[in-house]
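Required output: the full structure, derived from the provided sequences and hints.
Protein chains in written order, with UniProt numbering: chain Y, 1 to 432; chain L, 1 to 432; chain B, 1 to 432; chain C, 1 to 432.
Any given hint might turn out to be false.
Where chains are identical, the list cannot tell them apart; a pair therefore holds if satisfied intra-copy or between any two copies.
Below, simulated SDA-like cross-link-like pairs (lysine to any residue); rule was C-alpha separation at most 20 Å, straight line [to be verified]:
#1 307 x 93
#2 307 x 95
#3 297 x 307
#4 307 x 294
#5 297 x 411
#6 297 x 308
#7 297 x 286
#8 297 x 363
#9 307 x 293
#10 307 x 30
#11 307 x 211
#12 297 x 404
#13 297 x 311
#14 307 x 96
#15 307 x 410
#16 297 x 195
#17 307 x 396
#18 307 x 397
#19 307 x 110
#20 297 x 285
#21 307 x 380
Because the hints were derived from the structure by calculation, they are not lab data.
Number of protein chains: 4
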Amino acid sequence: MTTESTTESSSPFTGGLDAHLPGLRALYEDLHAHPELSLQETRTAGIVAARLRAQGGWEVTEGVGGTGVVGVLRNGDGPVVLLRADMDGLPVLEATGLPYASVARATDRDGNDVPVMHACGHDMHVTCLLGAAAQLVAHRDAWRGTALAVFQPAEETGEGARDMLADGFAERFPRPEVCLGQHVGPFPTGIAVTRSGAVMAASDSFRVRLFGRGGHGSTPESTVDPVVMAAALVLRLQTVVSREVGASQAAVVTVGALHAGTKENIIPDEAELKLNIRSVDESVRERVLAAVRRIVKAEAEASGAPKEPEITSLGTFPVTVNSAEATEVTVGALRGALGEQAVVTLPHPLNGSEDFGLFGDALGVPSVFWHFGGAAPEAFAGVDLDAVATRGLPAEIPVNHSPLYAPLPEPTIELGVRSLLGAAGAWLGRAE
Amino acid sequence: MTTESTTESSSPFTGGLDAHLPGLRALYEDLHAHPELSLQETRTAGIVAARLRAQGGWEVTEGVGGTGVVGVLRNGDGPVVLLRADMDGLPVLEATGLPYASVARATDRDGNDVPVMHACGHDMHVTCLLGAAAQLVAHRDAWRGTALAVFQPAEETGEGARDMLADGFAERFPRPEVCLGQHVGPFPTGIAVTRSGAVMAASDSFRVRLFGRGGHGSTPESTVDPVVMAAALVLRLQTVVSREVGASQAAVVTVGALHAGTKENIIPDEAELKLNIRSVDESVRERVLAAVRRIVKAEAEASGAPKEPEITSLGTFPVTVNSAEATEVTVGALRGALGEQAVVTLPHPLNGSEDFGLFGDALGVPSVFWHFGGAAPEAFAGVDLDAVATRGLPAEIPVNHSPLYAPLPEPTIELGVRSLLGAAGAWLGRAE
Amino acid sequence: MTTESTTESSSPFTGGLDAHLPGLRALYEDLHAHPELSLQETRTAGIVAARLRAQGGWEVTEGVGGTGVVGVLRNGDGPVVLLRADMDGLPVLEATGLPYASVARATDRDGNDVPVMHACGHDMHVTCLLGAAAQLVAHRDAWRGTALAVFQPAEETGEGARDMLADGFAERFPRPEVCLGQHVGPFPTGIAVTRSGAVMAASDSFRVRLFGRGGHGSTPESTVDPVVMAAALVLRLQTVVSREVGASQAAVVTVGALHAGTKENIIPDEAELKLNIRSVDESVRERVLAAVRRIVKAEAEASGAPKEPEITSLGTFPVTVNSAEATEVTVGALRGALGEQAVVTLPHPLNGSEDFGLFGDALGVPSVFWHFGGAAPEAFAGVDLDAVATRGLPAEIPVNHSPLYAPLPEPTIELGVRSLLGAAGAWLGRAE
Amino acid sequence: MTTESTTESSSPFTGGLDAHLPGLRALYEDLHAHPELSLQETRTAGIVAARLRAQGGWEVTEGVGGTGVVGVLRNGDGPVVLLRADMDGLPVLEATGLPYASVARATDRDGNDVPVMHACGHDMHVTCLLGAAAQLVAHRDAWRGTALAVFQPAEETGEGARDMLADGFAERFPRPEVCLGQHVGPFPTGIAVTRSGAVMAASDSFRVRLFGRGGHGSTPESTVDPVVMAAALVLRLQTVVSREVGASQAAVVTVGALHAGTKENIIPDEAELKLNIRSVDESVRERVLAAVRRIVKAEAEASGAPKEPEITSLGTFPVTVNSAEATEVTVGALRGALGEQAVVTLPHPLNGSEDFGLFGDALGVPSVFWHFGGAAPEAFAGVDLDAVATRGLPAEIPVNHSPLYAPLPEPTIELGVRSLLGAAGAWLGRAE
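Structure follows, in structure tokens:
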């Protein structure tokens, strides 16, 4: 699949898009250079609200569930379609070397000063939805119904969708027929990938505090060394996936952060780990969670820890499920927008997680979520795309959350806008 | 051994000390409540200089090797004796619950905001040396010669003695006959411990940076996980002492700090460890250092690391060696000051490290270093003191560098002053 | 699915089977009680040959590829159908407690005396194929063509099919239209499971010798301890699946055997491990094999091994692939034989391995391989069979190769015979 | 120290020894070529008894505590002196390449066929004691008293001394004034090493059985893998010495044997480990034993083991303690026999273990045990002997229990005889 094919395809409402692309690119670079941590997306939300208002037609509500922004574009009788983009960045130190790379820092909720980067592409999501929003306004005469543009905070922490829903979302805004969302990813530009049923994994995150007994580095016999305890724990946790999960069962146990001690010659009192667990089947999930808890407890006992470890939830994402019929409709529309061969059906769920599904669940309406490619197609030379799901990406392609992750602005922005418009077009009423 | 015995013993120059003890205790509590990181000891140095000046007689030089303070008390012809105290605190969060516990924080050289605590008792050292200094002034008619009171910064980082020496110490101050120093420790109050020959261990500290390849926590197959690499390294390093060092050889390998990652679902790019290695024999030291380097390299290879680990020295302490004859003289004097049974000869070196020995080495004069007890004797009920060296301390006694470490001000201050005066008295000339 | 449904279904050639079941059960118990190691199946082969001869009609060839037996039943013009059963047992100490449990022992090729058990159900395979062979003879008037009954040795070691083929199989026996094979497994009796495409995994086995330097257990510093080296290797190998294989990629790395040392106080010179690796995709297989080699090498380096480890292949099984069209035909026939709901389509390959596929590959004809259940349906109460593939079996159900594994003779024998006859019947010509 | 010095020294009773050395060497080579496992020393015991009888004067008792042999040489009134040699070999495959290397095999008590080697030098001990016995007979006119020559079985398993004592040793033989014993070791020939107080370590041996749940290697999720459990245990056990034993405390934890599984693709039901633990201080010993038990239990829990591990004692050796006064006397005599510089005082106990001390303990008399060198002095070129204890041996010198261990017959046999005679001479009465 190459991007040329997109020029052959026809999306609705895309007329005049070309002229807006330079502006969207500038917007994208600005957002990329100014990422904000989850629940701190005030600058981004301000830009979103201002842009929607400037487009005209949108009823804009700010501060929904914290920093969320909802635009409602009423355009006559017809279906209501929800389009969602997430806005938050990540505490990652950007290493892309791009001219518009972020040098931002922020204070996280633990009070630490951390770097911030749009390492997951939410800047692209915001840009594409603002671009699509403008086209919906510009082509208002071509469709009927109501568009809901939802700019959600705090997707990374699993809080944003929940917070917006808890803030009266269902009562305050029109009830949609369908919820549509997209995510940029390490696929070739021009490609969209999705599947019916489970499309993204469940995610369970924990903070584990291991308690030892500190002392001087030269007298370990007077201490219970939490660094050794943590190391033994991390290695033992590898056996959950290698020994307790079947080859055909999907699960990942990642220790994303491990912190203990300050000085080389002081054995600290404790160690802190942050764990993330992925699964796509509830019984596998339960087994993995039980195994993790069992191992955490036993490794502390092996060390003779003076106190049981503390395990605190850092959030849970459900499995993201695409409704079968709605997916069929939407995939057809994406094929129309991107080209017949451009939409790849995944053989199994992607392993990332999302809180997008909470909207459809809470509103009782179908959801469809897809990924679209942001990586140079050349990087995939000789790669069998159907095999990527089985074999993984070529090692040199940076993935989401990497300090090197950055989608190509061109043609990704254009394709993201076309995808949203294509998908929305399949659901909105056509004006006669 | 109990503290009662000290009343029976006789130190020189201690007349009138009782009246000063409340003031010394207030000074100690003030120093304890205001610890400063290595090379940042400006408040402490200011207090030291002001107190010496207020005592009269001392020529006070500030800013020696940064924040070092040197007092010279010339008192006629006679031997020159150097008495040394170190001044710096540690980045430890105090947990003693004492009324004068530290709540101080400071910015370390990596720019991090850290807690600070006098977790190693240097506040006690400063207090005792200032107390002894006052007694030397008060009893000036009883001795002849020159006293050098050296208040050294940055012992914890192994920089202070070196910096003071590099700042012209040998040229700027009188050359001593002997260098004397003491350290408070987790022994019963009333006891001093030392030995001829190696009395404290060599120490080698390193920062190790392990390089992986970051990515999303759900796709470890696209990454090289530095957290797992670090965990495997920490566990493998345990085998250096357990398998490559003989039962009768002394060595410790401690990973005092391990830091990697920020978020649970982002696999970071690298991990950082801080190691400290103790040894008392050069060939064992070399074998251990070689083994550590070998294992660091191999564990990175086992992970398929994209880049070799970086190993940077964080400082080296030599073995602290007590000169045989000078130790005999000084131990005799300590017995006189503390009681005949109060001085315990160590069967082997203590495992901590010191840069005190650099003064004697650089000046070409003998050194004597001893430890004195600061813990409640009751805590040692039923403990065979001679066996402590072999069997270690009772587990409930906090050791230096612990967040719970705090010597009893009474009678430790008095005993520390008496020890210094006793030892110095053995070397200074007596006035006829 | 329960076994009752089988009474409703109709297999061809099964008339009169009931009368033979007691005899087949006695045969099964006898085979179970007398298992033989791979390439030592002389008793079993003798029984097979004698029984085929006794049935009449079979041309029996013994000693094909060692202990293999091939029966050819020519029954007029028509298709040739190959039915294969494997005959070897395993070096497992039986723990079923059955009246006919094995107490057999044998000398393996390393010269060790080992227990032997039919822990993989090959006794069931032999029994069912002999039972089906008798029915084919008895119902000779109902079909046309040629039946090939292949009793293969040494499936467990991956040598048997290769040896039979190397022994001129293609030239010596009629060329079949299709190769059919079955395996009993821990599914409920009455159920068959299979899929089109990859149905069983590739398997790569290795012996790894790690070299240390032996010595007295009290002086590890004079040795390089291969036990610690092996332990570190086993733990590190867990990270291959946990970190280098994606959640949706199938791979297993098992260390099935680890041997080092004889006495507690002698550190041995070396350790030996036996590894088995499963995968169903070639690029995943290559990555895993490379990672295993990398880790073996690096862990030896971490230990300072005096010599590089030795890695020797112990055999390779290819992926077992079911031909699409042939599978459709055969599954239809199995549904006819066992009941419409009795045949479950697997969502992904089973993780075991087989050398059955070598026949079809070498002969250039399609293959179909299925598993049939041998476990009490009650054990699966409340278990969603469709979910077994994702979630694994209930923990209390013994699986193949377990010391506790034993299919229920009733009704498993009957169902295995019916399955073979049903599948064969779909390919053989019908007599008019 | 070189062997020349021995020619200058004068031992008692050595006249005529030179003529016997060729015979002793032949005896040594014969014993070396025919090692026997513990409690199976029938050939060796037979040779010993025959030789003693041939020397004349010895009352010989065989079968003391199994295969033990005791010779009593009564030579008038005077002190009784016990000289002890141990006789058993080890299950080690000899790799010395010597012309008289062992190719013996035997059946151990688990029924396994194992190689046997005199890897600990007990053949040397037997040879030297027989040589000394002959000299005592030959020089009967030069001394008065009674010599007890004790040839003990099963030292390696810690059973021999216990069994001989349990067989009425105290009642059946004269009570000695002193028990003397010696051990050949990897020191230069010509050197003897010993110390007052603890001279060899305590030793505690255990068999640990870890219970998992077996199954097919391709479905680890249906099993509890005991190989991974064992690996995690071995690595965790390293932390006992590295973290729970102080730098100046002596302890060793060795896993000398680890066995699990038979085939690469069968996950076994259990793993067996054999552990040996050394210590020289009772409180360190207790801490280490408790830590080992704690870790064994916790690692089984971390794996979710279906059953608690089984820990069985394989024997215990006490600390071998040399009586202070008796050591002074004996060291003086050894200096006389070997040369003034030839006897090195150890700074701390050697880390091996012995059951020799049980004789003195049970009989209530002092014991003295020393080691004598059997290695080529050239191998120690440039090695500071005083430092060997601290730094360990040069890596290329094989140590006891190594497949390469073999003392030089010349001059080790002569020196071993001289040492025994020298030591005994200090205790026996001199004839007037």
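Legend entry - Numbers of the earlier hints that this structure fails to satisfy, in rising order: 5, 8, 10, 12, 15, 16, 19, 21
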